[in-house]
Amino acid sequence: MADTAEHVHGQQVLDRVIIRFAGDSGDGMQLTGDRFTSASALFGNDLATLPVFPAEIRAPAGTLAGVSAFQVHISDHPITTPGDAPNVLVAMNPAALRSELHTLEPGGVVIVNTDAFEARNLAKAGYDSNPLEDDSLKAYTVYEVPMTSLTKEACADLDVKPRDAERSKNFFALGVISWMYTRPMEPTLEWIAGKFAGKPAVLAANTAAFKAGHAFGETAELFESTYQVRPATLEPGTYTSITGNTALAWGLVAASRQAELPLFLGSYPITPASDILHELSKHKNFGVRTLQAEDEIAGIGSALGAAFGGHLAVTTTSGPGVALKSETMGLAVSLELPLLVIDIQRGGPSTGLPTKTEAADLLMAMYGRHGESPMPIVAPRSPADCFDAAVEAARIALKYRTPVMLLSDGYLANSSEPWRLPDVSTLPDLRTTFATEPNHVDDEGNPEFWPYLRDPDTLARDWAIPGTPGLMHRIGGIEKQDGSGNISYDPANHQRMVDLRAAKVAGIAADIPEVAVEGDVDDAELLVLGWGSTWGAIDGAVDRARGQGLKVARAHLTHLNPFPSNLGDVLRRYPRVLVPEMNLGQLSLLVRAEFLVDARPLSKVRGEPFTAGEIEAAIREEISR
Amino acid sequence: MSDVEITTKKDWSSDQEVRWCPGCGDYSILTAVQMLMPDLGVNRENTVFVSGIGCAARFPYYMNTYGMHSIHGRAPAIATGLAMARPDLDVWVIGGDGDNLSIGGNHLIHALRRNINLTILMFNNQIYGLTKGQYSPTSEVGKVTKSTPFGSLDTPFNPLSVALGAEATFVARTHDMDRAHMIETFRRAHDHKGAAFVEIYQNCNVFNDGAFSDITGRANRESMLIPLRHGEPIRFGAEGSLCVTLSSQGHASIANVADVGEDAILVHDESRQDPDLAFTLSRLSRGPHEPTPIGVFRAVERPEYGSAVSEQLAAAQATKGPGDLDALLRSGATWDVA
Ligand code: SF4
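Which chain is which? The protein sequence lines are A and B, in order. Quick note on our numbering: the first sequence kicks off at 1365 and runs consecutively. Quick note on our numbering: the second sequence kicks off at 514 and runs consecutively.
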């Protein structure tokens, strides 16, 4: 079932296990996966998750289009990915089995809700015959559990309608799996008690179903043994389980605190970014103002207005929204005001695959505005890293008076991992200085304020906010005279301003860490260069390849614009460079253009993250080329 | 507001050379605003003018206040964020009919319905001036311009009807030929808590000269402009011989006082919560060639958005205490690794 297994008192100890819960979108699979994850996190495992949502919110029940799945990887050692192929598939109906079976490892375990395998559901899933009755599953270990009827039975003595009782079957499944993997029951029971406190019937039904599932595992003598995945030896500290979107929202709150500026979010709902709006809307006691704008353009427009007023301003969206915001981003570049544009990338173009992940907005982030309009770009590598990326994006924006693009993606947004909580007293100081005095003298010797006088080191302009006496000034999208900020159509001035804006962003390279190389630093035959959420899979792949004696190094970029100052040297040091990307080769295009190296893309645009196995195979192939 | 500086018109004028075409109606609007500002009891540093793109949108450059000349149509959205973030500021939005009703129509209606604390001055010249003379969303049907050589086909917006339909709490109309009326209307708009929308008939003497002269020309005003005054019967014409009456169906029309009698004259009530009357008055004239009401059509109270947001923040702080980042990070289930 996993890499190593030893028997302890009729219980097998595993070093890791990957479970995939799958059912109809109405079956509560995300919740089930989430609860299993939480219990495992509290138990001390390292873990990574991969929620897979159906694209259609209201796909007909029981169909393939309506299947919702949640994969969780738990281990007794540090891991970085939700795992390649699951060891266990829990299938709540025929559609879930049919749609997800291909992900399962050869010989893996399938636990099915047999009650759902009746003619109508089989037909909806496109099965000609019942897979539980023919030979089609003989390569797997199949456990057949009548979850619906057992759940109804467990609720029989409660004051719950059979229809409502049936809806608790996901907790029955959770009970079975919790027993199988020796998860403590208390955290889940406590959670149910808290979550459904206001709905006594649901509380009772879920509790009964969960306990019944657990008891079923214990007494049914169906399963050969239980399994144990011991706590991982993680770095000492306090941990919480966090998704990328929550980490990002909290990172923005942290940045606001560190900058001592109120946070403003202007945003229009869009999958998979809306959860950041939801999360930040809760934290009004932190002084966070959120506006659900009338459209994407107003989302960024209102944020830019708040930035002009001296707030730490943010807009959140996904790819299509970025396209709509591009004109305002250009204005922000021209106004040289701090602004965070957060893109939770999804499959494109157009509506594309709204619930699926992709990372194909890099070139749009780099170049998707008219004119020479450079914007720094920051990309988190893991769900928890979204916190640090938000803080870093805010640091750059405030220090350099520039809009900054943060590129997360659908996978990071919804996946979770344990996060060692930072000591908030060690977060960076993001305070910036507003101008309060005139910075120039006019021809007649009168003091005045010039909004485009710059700090000689950072090239950041002086920033005076409305309300500051004596520093009234006007700024706008028309080209400005260097220094005074007055309208200027002078050709030489335009050249100078374009150069200055480019130099300002390029100069950030001196203010970000060099890119680190890990693995066979000195003698690798191949460097794997990554950015964003591919980090976990690259990490796993490089470890495996090196374990088999291949000479491989890896480097991962957090800053995509500007690149770290040593990136060119690093790339030229290795005979081969492989760039796994969830696009058709956008980073590889950029590094080829900038550094004249033969970086080769490894592309995947299937709406799902890379597995370590896929990258490992590509490493092997590239080295043998 | 404490410590209001004593200022003059000159203090509110920036050092930038004003660059509208000679004779443009924008000049008189600018003068009216600059003359009004010293009387408003506000300081220059707390005043912000935000504009989009178009001839009118150059306005902020000429005011010695904070200002942003932004991008086409987006001024109401940008001003929304600024007014929400900084309720201490006086935020003005300046734009033309193209800026506000075409490319930025969505932002305008949402700023109005949210009742953001903005003073929105829409310069309506029924033409695109900056791009040199295409028809606009307020141009009359059949308008022959460079982009409509055979006449425009689209029905124009009635800006006041749009604003009223968008739940605006303050709606008024004035025109560039009457400085005193502009100043009074702008003052009312400024003092209104929430979004105030003012349509200003503005002559573009280069691309649409005389568009409003049928009603705003000095000789025509008495018989063609219908001044609205709260609480007063709506009368106009020589010695108030004409008036507005309301049919039993709620339809407003123009009549001779002599024919209908004083009792039949509609009494203006700008404070009616129900916008029907204001809407009916906004439909009285089909364009600036018929008797047209000017003044304040509607001025009602409704919670202003930015203040409501601030109240929610204050309430959250009162119940939960000020934000504690460490506690936030620990707000989910946590566990310790030794
Ligand atoms: S084009 Fe028309 S509106 Fe524009 S400045 Fe000239 S006269 Fe005024």
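Since the hints were made in silico from the structure, they are not lab data. Take these hints with a grain of salt, some might be off.
On the chain A side, residues computed to face chain B include the following (Cβ under 7 angstroms) [stated by the list, open to error]: (1) Leu1406; (2) Thr1604; (3) Phe1650; (4) Arg1653; (5) Leu1668; (6) Phe1672; (7) Gly1673; (8) Leu1688; (9) Gly1732; (10) His1734; (11) Gly1831; (12) Pro1833; (13) Met1836; (14) Gly1840; (15) Glu1843.
Each computed SDA-like pair below joins lysine to any residue, with the alpha-carbon atoms no more than 20 angstroms apart [what the hints assert, rightly or not]: (16) B:Lys523 - A:Pro1811; (17) A:Lys1915 - A:Ile1876; (18) A:Lys1646 - B:Leu543; (19) B:Lys706 - B:Asp691; (20) A:Lys1559 - B:Leu543; (21) B:Lys645 - A:Ile1842; (22) A:Lys1646 - B:Leu826; (23) A:Lys1646 - B:Asp837; (24) A:Lys1646 - B:Leu841.
As the structure is a prediction and not an experimental result, all values here were calculated from the model. Yeah, the Cβ is synthetic: ideal placement off N, Cα and C, and Gly gets one too.
Tested hints:
{"no.": "1", "hint": "Leu1406", "in the structure": "holds (5 angstroms)"}
{"no.": "2", "hint": "Thr1604", "in the structure": "holds (5 angstroms)"}
{"no.": "3", "hint": "Phe1650", "in the structure": "holds (3 angstroms)"}
{"no.": "4", "hint": "Arg1653", "in the structure": "holds (6 angstroms)"}
{"no.": "5", "hint": "Leu1668", "in the structure": "holds (6 angstroms)"}
{"no.": "6", "hint": "Phe1672", "in the structure": "holds (6 angstroms)"}
{"no.": "7", "hint": "Gly1673", "in the structure": "holds (4 angstroms)"}
{"no.": "8", "hint": "Leu1688", "in the structure": "violated (11 angstroms)"}
{"no.": "9", "hint": "Gly1732", "in the structure": "violated (16 angstroms)"}
{"no.": "10", "hint": "His1734", "in the structure": "violated (11 angstroms)"}
{"no.": "11", "hint": "Gly1831", "in the structure": "holds (6 angstroms)"}
{"no.": "12", "hint": "Pro1833", "in the structure": "holds (5 angstroms)"}
{"no.": "13", "hint": "Met1836", "in the structure": "holds (5 angstroms)"}
{"no.": "14", "hint": "Gly1840", "in the structure": "holds (3 angstroms)"}
{"no.": "15", "hint": "Glu1843", "in the structure": "violated (12 angstroms)"}
{"no.": "16", "hint": "B:Lys523 - A:Pro1811", "in the structure": "holds (18 angstroms)"}
{"no.": "17", "hint": "A:Lys1915 - A:Ile1876", "in the structure": "violated (28 angstroms)"}
{"no.": "18", "hint": "A:Lys1646 - B:Leu543", "in the structure": "violated (43 angstroms)"}
{"no.": "19", "hint": "B:Lys706 - B:Asp691", "in the structure": "violated (25 angstroms)"}
{"no.": "20", "hint": "A:Lys1559 - B:Leu543", "in the structure": "violated (60 angstroms)"}
{"no.": "21", "hint": "B:Lys645 - A:Ile1842", "in the structure": "holds (18 angstroms)"}
{"no.": "22", "hint": "A:Lys1646 - B:Leu826", "in the structure": "holds (10 angstroms)"}
{"no.": "23", "hint": "A:Lys1646 - B:Asp837", "in the structure": "holds (13 angstroms)"}
{"no.": "24", "hint": "A:Lys1646 - B:Leu841", "in the structure": "holds (11 angstroms)"}
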